[in-house]
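> In the order they appear, the protein sequences are chains U and Z. Residues in the first sequence are numbered from 43 upward in steps of one, following our numbering. Residues in the second sequence are numbered from 43 upward in steps of one, following our numbering.
By construction, these hints were calculated from the structure, which means they are not laboratory data. All the given hints hold, so there is nothing to weed out.
Identical copies go unnamed one by one, so any copy, or any two together, can satisfy a pair.
Simulated pairs of lysine-lysine, DSSO-like, Cα-Cα distance not exceeding 27 Å:
hint, residue 1, residue 2
1, LYS502, LYS452
2, LYS94, LYS452
3, LYS393, LYS364
4, LYS499, LYS355
5, LYS393, LYS361
6, LYS364, LYS94
There are 2 protein chains.
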Amino acid sequence: MTKISKAACIGGGVIGGGWIARFLLAGIDVDVFDPHPEASRIVGEVIANAEKAYAMLTGAPLPPRGRLRFCQTLVEAVTDADWIQESVPERLDLKRGVLTEIDAAARPDALIGSSTSGLLPTDLQRDMRHPERLFVAHPYNPVYLLPLVEIVGGEKTSAATIRATMERLPPIGMKGVHIAKEIEAFVGDRLLEALWREALWLIHDDICTVETLDDVIRYSFGLRWAQMGLFQTYRIAGGEAGMRHFLAQFGPCLAWPWTKLTDVVDLDEALIEKIGRQSDEQAAGLSIRELERIRDENLVGILQALKGGDGGKGWGAGKLLKDFERTLWAEGGGEAMPADPSRPLRLVETKVSPAWVDYNGHMTEHRYLQVFGDTSDALLRLVGVDLAYVEAGHSYYTVESHIRHLGEAKLGQAIHSACQILSADEKRLHVFHTLHDTATGELIATAEQMLLHVDSKAGKAVAAPAAVLDRVKAIAASHAELALPEGAGRHVGQRR
Amino acid sequence: MTKISKAACIGGGVIGGGWIARFLLAGIDVDVFDPHPEASRIVGEVIANAEKAYAMLTGAPLPPRGRLRFCQTLVEAVTDADWIQESVPERLDLKRGVLTEIDAAARPDALIGSSTSGLLPTDLQRDMRHPERLFVAHPYNPVYLLPLVEIVGGEKTSAATIRATMERLPPIGMKGVHIAKEIEAFVGDRLLEALWREALWLIHDDICTVETLDDVIRYSFGLRWAQMGLFQTYRIAGGEAGMRHFLAQFGPCLAWPWTKLTDVVDLDEALIEKIGRQSDEQAAGLSIRELERIRDENLVGILQALKGGDGGKGWGAGKLLKDFERTLWAEGGGEAMPADPSRPLRLVETKVSPAWVDYNGHMTEHRYLQVFGDTSDALLRLVGVDLAYVEAGHSYYTVESHIRHLGEAKLGQAIHSACQILSADEKRLHVFHTLHDTATGELIATAEQMLLHVDSKAGKAVAAPAAVLDRVKAIAASHAELALPEGAGRHVGQRR
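In isolation and in its complexed conformation, chain U is listed as follows:
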């Protein structure tokens, strides 16, 4: 895996904006060129959506956000970038012109990706001086959450370019899929196009409405396809008899009249109006903004559910998320030792996400413990107990927690936590966390916790090694000067 050092994005619409958000949130600086007068507003909205989504998506420490700069010229944007992503409108002449311009101004070793959803890389690279570093990198909306990128080379694209490209995707949480041969629309849009044509006929012929059609998808095979694709699903359907048997059975159906695909529907004004009207009814008053919010929350929830798949190992896009988080933990930015270790350590900065609130918009009880658990995790990384440490067989387990609710955290509220070590010995680590409103500093909740250093395989408490203990004790020593926090040592129901 190799990390992109600087990205340039040419074109900042919904797709370009999605790329920009991906790069920025992975800590990569981005220079943007887009002459559209609204570009900065559109990109800003996509980034805001992405930040909301990431706050819900992962508890892993995001690196400091990359720097975003809008440039006056294409040349200025691409000059020192090592990954340049083109996302201008879908016209061959326009894209070819822009790519040739990028090619002339970029470093010779820069990778140049096109977001085209269907044009052939061979056609795009025709006029380039260094065509070997041009490839299609076709993403899916919303780019900041959907991991797929179809990577397609043209006739002049080098194998080294494809290799270098594929290596650079996991550190931004994406799944590169290399398509072996170039064809128009590659693989994903071929499949979508087939289904789309059939869908248009079904609406045109009044077999069903757009809402019914969408329900058919999302209450059935959509749920399958979020985790396994077409062939793996049919493999299961074939059961013990196997895939070959399933196919042999399926073969004759291809001759059945189960499709109108041999004919192309005329998307005339009447059909456009019909679909538009049905779509309005289906949306039931939800604005695009609201639909986007719901979509992103759902995607976050689905990705997190898949992260728990295959007995916790992670499955598909959830496994990818797990791997991405592993990278984030390993790089672990946010947890440098603070400047003044004699104060409680400010460790977690977050916002109350939509997934965390009840129907009143108040943060749910157990989410407080989630933030406090994240606080303990951040402290542990600070003393060297990171993922590698845990995978090597040792860890700190929480054995006891005492939580007090003193105020309420509400949807969207910026909150942060701080940690004071009350005491520590070879095995025990006794901490006191506080949760604050970031704007006012007001205390919202506290958690006192006892953690034990354990050998996770043996399942018993053991002394922490010197390397960890030294760091724990260094913080504990500087915290020894602090007063015992109000509420520490308290039991439930104790009078003040």
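Given chain U, work out where chain Z should sit, using these hints.
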């Protein structure tokens, strides 16, 4: 909503077995006829999968499982059923014969559904004496988890039959979608067939392998389709310009050569062997059994994630699950006052879901508090503090919690909680919850909590009304005989 009183299933393969499991787990008795010598084994395996899945799917109280009986004759199976589901192999003559036999033996008011994935109901009902009660009820595999049923009437099917059918699906957790006009393959299989044909070409032409194709689906639009379908997704893509604008833009693409659908691939032996080999590679040694387990866990996780969608209101299949659970709670009497109120109240029965575990398969710290929070909620419903009470402006808020971890809950483990009231006055409710392994009874964790009765608008503690207080005090009085639980009154770090 109307509940089926007795179901009959003719044909017990994977689809028939899925229907049987749906009925049984919703508390409905099922009589089965299937002359296949392996029928009972196959159905048994599907039911076992379904039971595992439901235990993870919902914490709501499932009704006592229906009674399953294998019959010697079709007539015996259908005689007193009010819903008869036919799931025999997909041949018109065979299905028509079976349905005509069912028709002759069934009560005249019985509903008769066919699981056909493509035959026309008009053709199926041709020889029936009471054709008006025949309809297609086309489900998706696995039937016990995927909620969709396409409901299609034939020329002679009555509107009353369609109405009666649609009403009987929500109580078994299913989503009936009425297809307005009958066509071969209805809606879902039309869409699948279109995509499938294109997919076969992509493999045939070596554009990609089956694994790459599946990855393209599950890392991109599959994640979208688990929650929104085609049109709602494109509505968002259209952005502020709207659906009509999106369509107008999309129109010209239909003329592009982005599909080979005008031609039909020959699924000959060479192509079958190629797909078979690639599918073996993709499965990477996972057996069908293992793939089924992974699929079901993922579906459970996705359905639960969607249950939290739209700010906790539930979205799509998750909203449906929420509604289904509401029915279960309403019927299920999980919260009737227990027979012996002098024991701690057993309140929450659940399984550790994939979304709750860390990479080791252990339940995450804050999920313990989630189960304990659910336990408090269940206690509150028992004393009359239900959703309506809370919406009317009063509630109990948790102000303090003390959690001890004594063991570990692991993925899929059946767990339950119990609650003892330690003390209660007008405003305060002091409880002690325990969490147990259901198989062994072993104590895994405890939580001591203080709750305050509040006026939620005024944001301050107020006395609970007599109706609530009387019930709280009745339980508290019978719990007064119980010993103070070990660990109650403990503060963090206290020596035993």
